[in-house]
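Asker: Protein chains in written order, with this note's numbering: chain P, 594 to 798; chain S, 5 to 239.
If you are wondering where the hints come from, they were derived from the structure by calculation, not from laboratory data.
Watch out, some of these pointers could steer you wrong.
Which residues of chain S face chain P? A few of them, derived with a C-beta cut under 7 Å, are [what the hints assert, rightly or not]:
| id | residue |
| --- | --- |
| 1 | 11 |
| 2 | 18 |
| 3 | 19 |
| 4 | 22 |
| 5 | 26 |
| 6 | 51 |
| 7 | 70 |
| 8 | 71 |
| 9 | 139 |
| 10 | 140 |
| 11 | 199 |
| 12 | 231 |
| 13 | 235 |
| 14 | 239 |
Ideal placement from N, C-alpha and C gives every residue a C-beta, glycine not left out.
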Amino acid sequence: MREDAWALRRHRHLSDEALIALVARGDDTALAELYDRIGRVAYGIALRILRDERLAEDAVQEGFLAVWRSAATFRAERAKASTWVVTLVHRRAVDIVRREERRRAEPLEPVTGQDAPDPAGSAEDEAWLGFERERVLTALAALPDAQRESLELAYYGGYSQSELAEMLGVPIGTIKSRMFAGLARLRALLDETDTETAWTPRLTS
Amino acid sequence: MDAEAHELIAGYALDALEPDERARAKELLERSEEARDELRAFTEATAAMATAASGPAPPPGLRDRVLDAARADRETVVPLASRRRPRLVPVLGAAAAVAAVVAVALGLWGLSVSSDLDDSQAALAQAQAAAAVLASPDARAVALEQGDGTLVVSGTDAVLVLSSMAAAPAGKTYEVWVLDGQTPVPAGLFDGGGARDVVPVDGSVGAGAKVLVTLEPSGGVDAPTTTPVVASAPV
Numbered sequence: 594m595r596e597d598a599w600a601l602r603r604h605r606h607l608s609d610e611a612l613i614a615l616v617a618r619g620d621d622t623a624l625a626e627l628y629d630r631i632g633r634v635a636y637g638i639a640l641r642i643l644r645d646e647r648l649a650e651d652a653v654q655e656g657f658l659a660v661w662r663s664a665a666t667f668r669a670e671r672a673k674a675s676t677w678v679v680t681l682v683h684r685r686a687v688d689i690v691r692r693e694e695r696r697r698a699e700p701l702e703p704v705t706g707q708d709a710p711d712p713a714g715s716a717e718d719e720a721w722l723g724f725e726r727e728r729v730l731t732a733l734a735a736l737p738d739a740q741r742e743s744l745e746l747a748y749y750g751g752y753s754q755s756e757l758a759e760m761l762g763v764p765i766g767t768i769k770s771r772m773f774a775g776l777a778r779l780r781a782l783l784d785e786t787d788t789e790t791a792w793t794p795r796l797t798s
Numbered sequence: 005m006d007a008e009a010h011e012l013i014a015g016y017a018l019d020a021l022e023p024d025e026r027a028r029a030k031e032l033l034e035r036s037e038e039a040r041d042e043l044r045a046f047t048e049a050t051a052a053m054a055t056a057a058s059g060p061a062p063p064p065g066l067r068d069r070v071l072d073a074a075r076a077d078r079e080t081v082v083p084l085a086s087r088r089r090p091r092l093v094p095v096l097g098a099a100a101a102v103a104a105v106v107a108v109a110l111g112l113w114g115l116s117v118s119s120d121l122d123d124s125q126a127a128l129a130q131a132q133a134a135a136a137v138l139a140s141p142d143a144r145a146v147a148l149e150q151g152d153g154t155l156v157v158s159g160t161d162a163v164l165v166l167s168s169m170a171a172a173p174a175g176k177t178y179e180v181w182v183l184d185g186q187t188p189v190p191a192g193l194f195d196g197g198g199a200r201d202v203v204p205v206d207g208s209v210g211a212g213a214k215v216l217v218t219l220e221p222s223g224g225v226d227a228p229t230t231t232p233v234v235a236s237a238p239v
């Protein structure tokens, strides 16, 4: 058993936001707990963009290092903690993929090995992730094709607006408005099926 | 905000901007609260897209790699206090730290080994029941009118998925109720305190019923004695 196993058990009871507050004070066991909660989604999105396990690991490591370094600047009123962490990893993955000329010559394909079992994840987490995935895929499928294409190529492919305009042969203004309309619509569709609200500090005692 | 500003924020949320536009977006976010609000909404949507993308589990060694990198960083860049300006400490972050301290004071982190073993048996049964509902093809989400989370319903089976539920204080437990008509029926106990509590609702949850949660004495009671901390919309 790892030497910090006990510390991890303690942190199990904290919200993601409380963990970030501990990370801001240099508590690496809080960072470990954050990784245990968010690492799978973070690695999943990095691998989807980079389609290379080594590069995806780089993106996750650099993203979590950004969390470690900038936790003190995290503002809960601006984003949920888990969203913030995923955003930092996504940004690193996009920066890496734009550096890698190799990716640009390859067709965009779905990641293989989807739904591989995760020995570390609990059955509850697996089931919940599956439920969430279905919900989001359903919402994406409800978007107009051109909007969905823009969102997926940008977020999953790491393509910039100007790259997409060139690739699809449409004016950049069209790409921009598709992204805005698509994201606004996606958000509305997700809101219809979810009521998870912003985290607020709350003690029930 | 004009159309161009909206589009800039959308591009920023998707990480789809070229460096010069990324800088413009950051400037806009610095000065416009409306832009920050919109970014928050958009990043919840993009983070949902990330959840949908998740595929194979990360390699086991990645966890240590992440932690080693952070520890190495701490050794080279010290001290933390001097490089972080105090005014940057978020108000809610401070509140969260206070919540953590209160949790320690209440003794919530102390668990005996024997109760852990009992917990794991019960947790396994709970996980199986919850997984069956969450994985069923007709599973649907019902909004909560109170509390953070979702009620997932399949047929007359239901699972509460709650986020950031504070652990029940010593001597107390959370009790789940099904309200179908006038009288709430007990539907299980849980302690809370997880980042995400997945709680199967005992018994059947029919059309029009609500699911409630109250804080009660350990062992549970036959009728609620406190105001609900969680309440679903009618199923």
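Asker: Determine for every hint whether it applies to the structure shown.
Answerer: Hints and how they fare:
The interface hint given for residue 11(S) holds, since its Cβ lies 4 Å from the closest Cβ of chain P, which is under the 7 Å cut-off. At its closest, the beta carbon of residue 18(S) sits 4 Å from a beta carbon of chain P; the interface hint therefore holds under the 7 Å criterion. Interface hint status for residue 19(S): upheld, as the beta-carbon distance to the closest one in chain P is roughly 4 Å, under 7 Å. At about 5 Å, the closest approach between the beta carbon of residue 22(S) and any beta carbon in chain P falls short of 7 Å, and the interface hint on this residue holds.
Violation of the interface hint for residue 26(S) is found here, the shortest Cβ-Cβ separation to chain P being roughly 10 Å, above the 7 Å cut-off. For residue 51(S), the suggested interface contact is upheld, since its CB lies about 4 Å from the closest CB of chain P, less than 7 Å. Satisfaction of the interface hint for residue 70(S) is found here, the shortest Cβ-Cβ separation to chain P being roughly 5 Å, below the 7 Å cut-off. Annotation: residue 71(S) was flagged as interfacial toward chain P, and the flag holds, the nearest CB pair being 6 Å apart, inside 7 Å.
For residue 139(S), the shortest C-beta to C-beta distance to chain P is roughly 5 Å, which falls under 7 Å, so the interface hint holds. A least Cβ separation of about 10 Å between residue 140(S) and chain P goes past the 7 Å threshold, and the interface hint is therefore violated. This hint holds: residue 199(S) has a C-beta 6 Å from the nearest C-beta of chain P, less than the 7 Å allowed. Hint status for residue 231(S) relative to chain P: violated, with the closest Cβ pair at about 10 Å, above 7 Å.
Interface restraint check: residue 235(S) against chain P, minimum CB-CB distance 11 Å, threshold 7 Å, status violated. Residue-level restraint check for residue 239(S) is violated (minimum Cβ-Cβ distance to chain P is 14 Å; threshold 7 Å).
In this structure, the hints that do not hold are numbers 5, 10, 12, 13 and 14, in rising order.
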